[in-house]
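Protein sequences, first through last, are from chains A and B. The opening position of the first sequence corresponds to residue 1 in my numbering, with each subsequent residue numbered one higher. The opening position of the second sequence corresponds to residue 491 in my numbering, with each subsequent residue numbered one higher.
Check each hint, because a few of them may be wrong.
20 Å max Cα-Cα, derived EDC-like pairs, lysine to aspartate or glutamate [to be verified]:
1. B:Lys531 with A:Asp297
2. B:Lys529 with A:Asp294
3. A:Lys484 with A:Glu447
4. A:Lys308 with A:Glu41
5. A:Lys16 with A:Glu5
6. B:Lys531 with A:Glu41
7. B:Lys529 with B:Glu584
8. B:Lys588 with B:Asp570
9. B:Lys531 with A:Glu298
10. B:Lys755 with A:Glu41
11. B:Lys519 with A:Glu5
12. B:Lys562 with A:Glu298
13. B:Lys562 with A:Asp297
14. B:Lys654 with B:Glu641
15. B:Lys755 with A:Asp297
16. A:Lys268 with B:Asp728
Selected chain B positions facing chain A (Cβ under 8 Å, derived; list incomplete) [claimed, not checked]:
17. Lys531
18. Met556
19. Arg560
20. Asp574
21. Ala609
22. Gly712
Pairwise CB distance ranges (calculated) [stated by the list, open to error]:
23. A:His353 with B:Gly720: 30 to 36 Å
24. B:Lys546 with A:Asp393: 43 to 49 Å
25. A:Asn135 with B:Glu752: 31 to 37 Å
26. A:His45 with B:Glu752: 48 to 54 Å
Note that these hints are calculated values from the structure, not bench results. Note that CB positions come from ideal geometry on N, CA and C, so glycine has one too.
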Amino acid sequence: MTKEEYKEIYNQEWRKEIRKSVSPKERMAIPRVVMPTVPVEERIHSQRIEVNKGLSLEAAQLEAKRCLDCADPGCMKGCPVGMHIPTFIKNLERGNLLEAAKTAKSISALPAVCGRVCPQEKQCEAQCIYHLKLNKPAVSIGNIERFIADWERESGNAIIPEITEKNGIKIAIIGSGPSGLACAGDLAKLGYDVTVFEALHEIGGVLKYGIPEFCLPNYVVDAEIDNLKALGIKFVPNFVVGVTATIDELREEGFKAFYVATGAGVPKFMNIPGENYNGILSANEYLMRINLMDADDENADTPILTGKNVVVVGGGNTAIDAVRAAKRLGAERSIIVYRRSMDEMPARLEEIHHSQDEGIEFYNLANPIEYLADETGRVNKVRVQMMELGEPDESGRRRPVAIEGNIEEIDCSVVVVAIGVDPNPIIPNSVEGLKTSDWGTIEVDDEKHSSVDDIFAGGDIVRGAATVILAMGDGREAAANIDKKFKSEK
Amino acid sequence: MNKIVSKEQLSSCVYKLEIEAPIVAKAQKPGNFVILRIKEKGERVPFTIVESNPSKGTISIVIRNMGVTRTKLCNLNVGDEIKDILGPLGRRSEISNKGTFLACGNGIRIAALLPIARAMKEAGNKVITIISAKTKDLLILEDEMREISDEIHVLTEDGTHGEKGNFTDPMRKVIEKENIDYCMTIGPVDMMRDCAKVTKEYNIPTRASLYSIMVDGTGMCGACRVSVNGRTKFTCVDGPEFDAHAIDFDGLLLRIDGYRNEESKKLQHLK
Ligand SMILES: Cc1cc2nc3c(=O)[nH]c(=O)nc-3n(C[C@H](O)[C@H](O)[C@H](O)COP(=O)(O)OP(=O)(O)OC[C@H]3O[C@@H](n4cnc5c(N)ncnc54)[C@H](O)[C@@H]3O)c2cc1C
Ligand code: FES
């Protein structure tokens with residue numbers, strides 16, 4: 001949106017009125033809303049209880065009132081997809097929830113998801129004037145977004161999208177994570193005949209197999225998938241493109257373009273001695289057993305490893321999700337081992353806070369160097385090299401440096417490795433001429449177009465492990481460019 | 491949903507199921523496997539594809555009734571349905587005319603050897619087969635293996651069927667007598683380890699087809715990892731076949747029991 005376009009929306013009569021209705025001083029006097037949560041004792045016995053309960057209408061509107069509706073809003077610049085944040089907030093304030101929901105949906109395909117999982121404290125909320133200039137906590141944008149999207153879903157007033165007349169052009173979306181879903185939705189609305197292929201038995205990508213239900217309940221994702229089904233999109237689970245059928249074979253079946261959104265799902269290991277002992281597993285394995293195969297349910301067939309002490313290696317969202325899952329499976333001590341300090345942890349701040357409330361222990365500035373096992377080959381100790389922070393590295397975070405001779409041991413019977421993931425190699429390996437970077441991501445131009453004419457790509461397979469909002473945004477951009485390609489060919 | 495179209499009992503504890511899976515049947519090659527999940531809340535478990543019939547749209551798998559999902563599968567009947575089947579997974583076996591091919595199979599995993607041995611025979615190799623098992627009940631598909639072999643040795647450890655003894659004895663005899671160009675070993679981990687030891691002595695290129703605990707089967711979890719030549723590999727996407735002389739069999743032996751306690755608890759529950 002250009003500045004002029006924003007100015008026009010900003011200067012609509014209703015908007016001016018709502019701005020004037022309360023003085024900035026009054027607005028600034030309102031304290032930031034506190035998200036109500038399920039009490040710790042209740043929530044730490046289940047993987048399936050969402051911690052955040054959501055805001056009431058009154059609370060959400062009061063929080064909306066805090067927003068000063070800046071003429072040049074920083075929050076929109078902080079948002080990777082330029083969400084029209086003040087516009088949905090002011091619509092909420094004036095009580096036009098449907099318009100608020102429409103605004104959010106016009107930019108994000110998944111506002112109920114992003115409201116829950118975006119790292120707002122690093123994006124929109126980091127650029128909020130309250131935070132930047134007023135020395136007060138930012139407007140709670142994520143919680144407002146979530147409220148609006150949940151309201152839309154629960155009110156029965158779901159926005160029915162306009163669909164262009166069907167054009168019969170077959171498009172294949174490969175991977176059903178947020179990027180694939182966003183692309184599929186837009187293309188279906190533009191009249192394309194869309195099929196989504198997914199390797200796993202569940203649709204949703206990381207939203208289903210990775211992020212636990214205590215952060216993002218399945219029903220939120222399923223509601224989005226149902227909406228997409230209602231648009232006529234076909235979903236084919238248990239289908240690995242490149243293996244079950246190649247892209248060439250799909251071309252023969254009449255698919256005219258492909259959007260590759262296969263994610264970065266290959267877990268990294270550290271390649272240190274003892275890492276293949278039993279009891280040491282990737283976060284993907286651990287979370288998939290729970291999220292995808294119900295291992296937390298005693299009546300399910302899937303086994304899961306439990307132990308008195310569970311160590312999770314890493315400091316990102318995945319690590320925090322895994323360590324909280326371990327607590328919920330009954331571990332006495334659930335311990336994060338992370339090589340930098342608390343301040344450098346890339347995980348969402350809210351999740352770190354929730355995990356602290358839940359009694360998660362943090363063993364910071366420690367880096368595993370070796371695992372020890374009992375006579376059955378089951379891990380029983382991790383040896384960690386203690387670290388201190390040195391000079392900042394390329395990421396701007398202070399680099400951890402080993403403190404010579406300072407090595408400690410932690411007793412544990414389960415270790416979950418969550419130190420990162422690599423791009424999924426299946427499509428790059430199976431398509432000739434598809435250009436990839438040295439680290440295996442697919443290379444695309446500004447239009448998400450790969451080196452192969454009918455193949456577009458986006459999300460984590462292009463960016464490496466990134467975020468839901470960026471993956472979603474890529475999917476929407478790719479859809480627009482795929483449409484442009486076919487329109488120009490006409 | 492994938493319907494079971496036929497069920498055959500191969501021994502007192504081993505069954506063969508033929509299941510509708512048209513897309514998999516069409517794409518399957520020797521060495522491929524599938525991951526299946528019987529029902530909602532089920533686990534995902536890998537099985538080698540023993541046979542496929544693309545025109546009929548079916549694949550066959552062989553199962554021993556042990557473990558939770560395996561026991562449940564054996565209890566299914568013709569007409570029952572399996573919720574999810576994913577495949578064909580894994581790298582296909584390299585099939586070519588190498589000359590004389592030694593096929594070593596043990597126990598229920600003879601089922602995984604059969605499609606490879608058959609393809610090697612069709613590719614023009616002389617096929618010498620040694621199949622063995624602990625006991626008669628675990629020695630399966632003997633007739634099928636005999637049919638595609640130029641020479642076959644059948645043994646059981648307890649002597650309940652065929653010759654009594656260990657498979658390495660006939661193996662050495664065959665190797666002394668014949669010029670073996672290539673060997674494939676498929677069986678329990680300790681059997682493959684022993685087999686690889688012998689072929690290593692004679693410098694015979696040998697592949698072993700591994701089995702391991704799997705979750706996704708597409709390289710996303712690392713449950714199936716194994717050390718080959720000192721480097722961590724994922725059995726599902728890098729395998730299931732590897733150079734038998736480079737595999738860390740001892741590490742693998744520990745890893746395949748990684749969930750034994752948890753599984754036996756579930757099994758008790760089932761009974
Ligand atoms: C545990 C965990 C927690 C996270 N928490 C957050 C968070 O709180 N906030 C946030 O913003 N981000 C979070 N992330 C990151 C975020 O989930 C990802 O950036 C995002 O999901 C990427 O979306 P995607 O659509 O590119 O890929 P994915 O969501 O990874 O989906 C890719 C899909 O493609 C499928 N696939 C792969 N290859 C094939 C093939 N050949 N054929 C068919 N299907 C295939 C895969 O099975 C998968 O389902 C988290 C990630 C994890 C793992
Ligand atoms: S089964 Fe998950 S990586 Fe092989």
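### Message
Lys529 (chain B) and Asp294 (chain A) were given as a pair; does the straight-line alpha-carbon distance stay at or below 20 Å?
### Response
12 Å, holds
### Proposed interface contact between Gly712 (chain B) and chain A, which counts if any beta carbon pair is under 8 Å
With a closest approach of 4 Å, the Gly712 (chain B) hint holds.
### Task
Please work out if Lys562 (chain B) and Asp297 (chain A) have their alpha carbons no farther apart than 20 Å.
18 Å, holds
### Message
Assuming the hint says 43 to 49 Å, is it satisfied by the Cβ distance from Lys546 (chain B) to Asp393 (chain A) or not?
### Response
59 Å, violated
#### Entry: Given pair status - Glu298 (chain A), Lys531 (chain B), alpha carbons within 20 Å
10 Å, holds
### Message
Does Glu5 (chain A) sit within 20 Å of Lys16 (chain A), going by the straight-line distance between their CA atoms?
### Response
16 Å, holds
### Query
Are the Cα atoms of Lys268 (chain A) and Asp728 (chain B) separated by 20 Å or less?
Cα-Cα ~15 Å, so holds.
### Query
CA of Lys755 (chain B) to CA of Asp297 (chain A), is that 20 Å or under?
13 Å, holds
### Query
Would the stated hint for Lys531 (chain B) survive a check requiring a Cβ distance to chain A of less than 8 Å?
Holds. Min distance 4 Å.
### Query
Holds or violated: are the alpha carbons of Lys562 (chain B) and Glu298 (chain A) at most 20 Å from each other?
Holds, at about 17 Å.
### Query
Given the hint that Lys519 (chain B) pairs with Glu5 (chain A), does the C-alpha gap stay at or below 20 Å?
Given that 20 Å is the threshold and the Cα spacing comes to 58 Å, the pair is violated.
### Message
Lys531 (chain B) and Asp297 (chain A) were given as a pair; does the straight-line alpha-carbon distance stay at or below 20 Å?
### Response
With a Cα-Cα distance of about 8 Å, the restraint between Lys531 (chain B) and Asp297 (chain A) holds, given a limit of 20 Å.
Violated hints, listed in ascending order, are 6, 7, 8, 10, 11, 18, 19, 21, 23, 24, 25 and 26; each of the other numbered hints is respected by the structure.
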